[in-house]
Structure formats: C-alpha cells, structure tokens
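> Use the sequences and the hints to build the structure in full.
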Amino acid sequence: MKARSRVRGLSLHAVLWLIGAFVVVPLGYAVISGFKSTGELTANPFGLPGHWKAGNYTGILGDAVFWRQIANSAGIAIGTTCCTVAVSAMAAFVLARYAFRGRELFYTLFTIGLMFPFAVAVLPLFLLLRTFGLLDNPLGVILPQAAFGLPMTIVILRGFFRTIPAELEEAAVMDGCGKFRFFWRILLPMARPALGTVSVLAVVASWNNFFLPLLVFNDPRWQTIPVGVQQFQGQYSTDYAFVFAYVVLAMVPALAFYAVAERQLIGGLTAGATKG
Amino acid sequence: MPSPVSTLTEERTQDTPPARPPAPARSFLRGVRSWASVAWFLVPALVLFLVFVLAPIAVAVHTGFFKWGGAGPMEDFVGFENYARLFGDEVFLGDLERGLYLIALSLTVQLPLALFTAALLNRRLRGRAVYRMLFFAPYVLSEVVTAVLFTMILLPGDGMADQLAGRLGLEGLQGRWLADPSTVLPTLFVVMTWKYFGFHMMLFLAGLQSIPGEVLEAAAIDGANAWQRFRSVTLPLLGPTIRISVFLSVIGAIQLFDLVWVMTAGGPNHSSETMAISMFQFGFKRYQVGYASAISVVLFMISLVFSLFYQRYVLRRDLSGAVTTGGAR
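Protein chains in written order, with the working numbering: chain A, 1 to 276; chain B, 1 to 329.
FYI, nobody ran anything at the bench for these hints, they're computed from the structure. Cβ atoms here follow ideal geometry from the backbone N, Cα and C, with glycine treated the same way. Errors might be hidden in some of the hints.
[Said to hold, decoys possible] Over 10 Å on every C-beta distance to chain B, these chain A residues come out as not near it, computed from the model: (1) Lys53; (2) Ala54; (3) Ala64; (4) Arg68; (5) Cys82; (6) Glu104; (7) Met190.
[To be verified] Mimicking SDA-like on lysine to any residue, the simulated pairs with C-alpha atoms at most 20 Å apart in a straight line are: (8) A:Lys179 to A:Phe100; (9) A:Lys179 to B:Ser37; (10) A:Lys53 to A:Ile70; (11) A:Lys53 to A:Tyr236; (12) B:Lys285 to B:Asp89; (13) A:Lys179 to B:Val43; (14) A:Lys179 to A:Arg101; (15) A:Lys53 to A:Thr42; (16) A:Lys179 to A:Met190; (17) A:Lys53 to A:Asp239; (18) B:Lys285 to A:Leu135; (19) B:Lys67 to A:Arg130; (20) A:Lys179 to B:Trp35; (21) B:Lys285 to A:Asp219; (22) B:Lys67 to A:Leu127; (23) B:Lys67 to B:Gln288; (24) B:Lys67 to B:Gln281; (25) B:Lys285 to A:Asp136; (26) A:Lys179 to A:Glu167; (27) B:Lys285 to B:Ser303; (28) B:Lys285 to A:Leu48; (29) A:Lys179 to B:Trp40; (30) B:Lys285 to A:Arg97; (31) B:Lys67 to A:Thr131; (32) B:Lys285 to A:Leu128; (33) B:Lys285 to B:Ala71; (34) B:Lys285 to A:Lys179; (35) A:Lys179 to A:Asp239; (36) A:Lys179 to B:Pro44; (37) B:Lys285 to B:Ser37; (38) B:Lys67 to A:Leu128; (39) A:Lys179 to B:Phe41.
Given below as structure tokens:
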C-alpha cells in the first residue's frame with residue numbers, strides 16, 4: 001500500500017517535471033545561449049558554453065539604447081497606471097455608493113469595454129491620435145491604454161467599494177466629513193489591497209503592450225522594450241547569441257515584477273476574469 | 001419631489017429637521033448640487049472612455065464606407081463595397097477559418113492540459129508553490145519577447161528545434177516549423193500554449209480551491225473512485241470557471257496579433273494570417289485604410305456578437321452565486 005502510493009507520488013512528479021521542462025527549457029536555453037558566441041552556439045547548441053562569454057550581456061547593459069527603452073516602458077507604465085487607477089477609483093466610488101438615475105446604464109457602458117479587444121480599435125485609434133497630434137507623444141500611448149484599462153479596473157474596484165459598510169460613511173458624515181474627503185481620506189486608504197491589485201494589472205498590461213507603441217512611436221527615442229526587442233532581432237538577425245542575450249535581459253524586469261507582486265497579479269487576474 | 005441623487009446616508013445628514021419638508025427650490029438646488037458632485041467623479045472616466053474606446057469604433061464604421069488611402073480628404077464614398085470585397089476575399093475567409101482552427105486547438109488541447117495541471121497541483125505536494133509559479137511565469141512575458149525567443153529557437157538549421165529534431169530522428173520536421181504552410185499554425189499554437197496554459201491553470205486552481213472538501217469526501221464515502229469524483233463532482237462544480245476560460249480563449253484567438261506578427265507576419269503565403277494581421281497589412285502597409293477599417297468593424301462585430309451571445313446563453317446562469325466567484329479573491 002505504502003509502496004504503491006510512493007510510486008504514484010513519483011509518477012506525479014515525473015509528469016510535473018515533464019510540463020516544467022516544456023516551460024523551462026526555452027528559457028534556460030536562451031539564458032545559456034546568451035553566454036556563448038554565435039559560432040559556438042551553432043557548433044555546440046545544447047552543451048554549456050566551453051567559455052562563458054559575458055560580453056553579450058555586458059555589451060547590452062552598457063548600451064544607452066537599452067536603458068532608454070526600459071525607461072520609456074517604465075514611464076509609460078507608471079503614467080498609464082496612475083491615470084487609469086485614479087480615474088477608475090473616482091468612477092467606481094460613485095457607481096458603488098450612490099443611487100442616481102442612469103447608474104446601471106453607466107456601469108453597463110463600461111463593462112461593454114470588457115468584451116472587445118484592443119486590436120479592434122487600433123487602426124481608428126491611430127487616425128484619431130494623428131488628428132489630435134499625439135503621435136510620437138507618450139500621451140498617445142498612455143491615454144488609450146488607460147481608457148482600455150478602465151472597464152476591468154472599475155469592475156474590481158466597484159466590487160471592493162461595495163463591501164465597505166455604509167455605517168462608516170454615516171459616521172464620517174456625522175463628523176462633518178464631505179463626500180470628497182470621505183473618498184480621499186477614508187475609502188482610498190481602506191482600499192489599498194484592491195488598488196494594489198488593479199495597479200499591478202495595469203503595469204503588466206502596459207509593459208507588455210506592443211501594437212500601440214509600434215504605431216504611435218515613429219521616433220526611435222520613444223521606443224519601448226517590446227518594440228525594441230523586435231527591432232533588435234531584425235537588426236542583428238544573424239548574431240543569434242546577441243539576440244538571445246537581449247531577449248533574456250528584456251525578460252528580467254517582467255519576471256522580477258512577477259516575483260515581487262505574484263499575489264496581487266494572480267489574485268487580480270482570477271478575480272477580474274470571474275467577475276468580468 | 002425626490003432628489004435624483006441620494007447618498008447612502010443623505011436622509012439623516014440634512015441640516016433641516018426631517019419633520020419639515022424642504023422647500024421645493026432648495027430641494028431642486030440640492031438635486032443639482034448632488035448631480036454635480038456625482039458628475040465630478042464620473043466625468044473623467046466617461047470622457048476617457050468615450051474618446052479612446054467608443055469614438056474609434058465610430059471612426060472605423062465611418063471610414064469603412066470610403067475608399068481612402070489614409071491621407072487627404074475622405075471623398076470616395078463606396079457604401080458597402082469594402083464589405084462585399086471582404087467577404088469575397090479568400091485570405092480574409094481564410095483568417096476566419098484559421099481563427100476557428102486555433103480556437104478548436106485551444107479548447108481541445110490547451111484547456112485540458114491546464115485543467116490536468118491544475119488538478120495535479122490542487123493536492124498536497126512537495127514543491128507545489130514552485131511548480132505553480134513556474135508554470136505561470138510565461139504569462140507575464142510580453143508576446144513579443146516570447147515570439148522573438150521562439151523565432152530564435154525555431155530558426156531553420158541552427159535553431160534548437162531543428163537540432164533537437166535531428167537528434168530524435170525527426171529529420172522530416174527540420175527546416176519546416178514556421179516555413180511550411182502545413183506546420184506553421186500548429187507550431188504557433190505550441191508557442192501560444194507555452195505562454196497561456198499557465199494562466200488558465202491559475203483560473204482552474206482558483207476554481208478548484210473553492211470546491212468544498214466535504215462534497216468530495218461525501219462522494220468518496222459513497223464509493224465513488226477518483227475518476228468518478230472528478231467526472232461527477234469536480235467538473236460540474238468547475239463549470240463557471242471552464243466557461244470563463246473558454247470565453248477568454250476565444251477572445252484571445254480573435255485578436256491574436258503580436259505573436260504572429262513577430263514570428264511570421266502572417267506568412268508563408270498568408271498561411272498563418274489572422275484578422276488583425278490582415279487589418280494591419282491593409283491599413284499600414286498597403287494604405288487601403290477604408291478597407292482595413294471594414295476589417296476592424298467586422299472584427300468588432302464578431303467579438304460583440306460572440307460576447308453578447310455567450311453572456312446571454314452560456315454565462316447567464318453563472319452570474320449569481322457561482323461557486324468560483326466567491327472563492328476567486
């Protein structure tokens with residue numbers, strides 16, 4: 001009996017190892033290949049490098065273009081997150097806690113946004129941004145991203161704001177606290193976990209966006225990391241090891257962020273998916 | 001006259017005693033003031049949403065009726081000609097077919113894999129947190145980074161995939177992966193699975209964890225074996241999660257762009273082209289913006305009709321008191 005359950009446990013781990021290998025091998029292959037020269041990579045694709053060559057990585061890390069792309073991505077992610085969270089929190093506040101005519105209509109209007117993908121709007125969005133003169137301007141990426149982030153953020157925040165008891169607001173108002181002060185001084189601090197969750201989601205979505213920055217930024221100075229990776233591959237397509245190193249370094253910020261914010265990210269995604 | 005706006009607490013906080021009804025003028029004024037403060041909170045979100053989400057759709061509908069190169073005045077009104085051309089275009093019809101193919105693969109391969117992995121990880125197991133974190137990791141990478149990574153791995157001749165195929169005696173696959181019209185979609189699907197199965201696994205795990213242990217225990221006491229418990233207890237209780245997962249897979253396949261654009265740009269010879277790729281090709285490479293707008297509109301209609309239909313007929317029963325909704329947060 002005991003032996004049988006040991007065997008079952010082992011086969012369970014074997015299956016998980018197999019799936020794990022499917023996930024890890026491409027990543028590990030990229031990291032190791034980044035330490036080879038391209039010549040060695042073609043001659044010895046699988047083994048560890050005979051001579052660990054850090055030059056690919058240090059070369060990229062010493063390149064101002066890489067850091068500028070990181071800074072652009074970070075700036076746009078922060079701008080998008082602040083904008084979408086601030087605006088959504090205000091809307092979610094009234095949609096959660098005030099009864100007024102047309103409330104459900106407004107809420108439904110926002111939830112419609114959950115249903116259709118970014119790709120649908122990207123061409124007309126480009127035309128609009130061109131009319132507004134927002135091409136080659138970070139706002140041309142930040143504002144649309146923030147707008148497309150609204151539905152999910154409002155749904156999650158409204159759900160959270162509704163759980164805060166009405167007695168609390170009554171007590172605050174009795175003490176002479178206005179609507180705005182209640183929102184700003186009491187509700188928002190209480191909603192910190194929910195705000196954390198929606199911020200993490202907004203950061204990841206913005207960091208990984210490719211389609212919009214590709215269209216909006218013609219000027220290479222504004223390029224973000226996803227656009228940069230694609231350009232880099234086109235530019236150095238024969239220097240395999242160098243491209244691998246770039247890909248690995250481009251992954252690091254996202255993976256580091258995931259390691260730090262794992263709980264909010266997964267909690268937010270599952271909550272967003274089931275509520276949306 | 002009831003004020004159109006009332007806070008949850010308004011009744012008790014007015015400075016006028018409740019015994020005396022407020023004068024109509026004041027009530028009206030109060031109504032306007034309350035409306036104003038609600039508007040103050042709501043307007044920024046509404047403006048952002050109208051300008052950057054809803055207006056583009058109106059622009060696409062408008063532009064879709066014109067033959068237009070993207071610059072200069074839009075004068076050549078063609079009615080539904082762009083749409084007629086669209087539904088006579090073999091590439092576009094192929095886009096729809098390829099979309100259905102990818103959806104079918106997602107539902108028959110990726111979701112079962114995700115569910116299987118979630119079921120394995122839902123038991124007490126050493127290293128469970130590590131496996132979970134690992135399987136989800138590809139989801140946080142951008143599609144572009146994923147695409148470049150796999151483009152390098154799939155390079156003809158020198159890439160890892162060809163080298164591996166050579167060693168495993170699968171020479172028939174060498175040099176084909178993304179280069180051969182018959183293998184390009186399955187290859188792209190494997191990359192999509194690599195990136196997205198961990199996300200669906202997480203959804204399923206959240207769903208599984210919200211199934212009360214007592215239910216499964218009761219089934220075990222009644223003599224149900226592991227498969228029967230899974231088939232007759234777990235799976236039905238997981239229904240809402242599965243339906244959400246299917247929904248997200250379909251929407252994801254409809255809008256697929258980044259991954260395909262970077263890996264194949266729709267080639268070879270349109271064999272991996274998606275609707276979004278066609279739209280991009282016509283809109284930004286061939287300057288047929290009117291026609292590309294018509295593609296956007298069709299893309300929008302497909303997602304809208306699918307979403308409404310799905311919410312009306314499939315998700316409806318899940319909206320109140322579903323098992324997973326409570327346990328998800």
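> What hints, given by number in increasing order, does this structure fail?
Going through the list in order, the structure violates hints 10, 27, 28, 30, 34, 35, 37 and respects the others.
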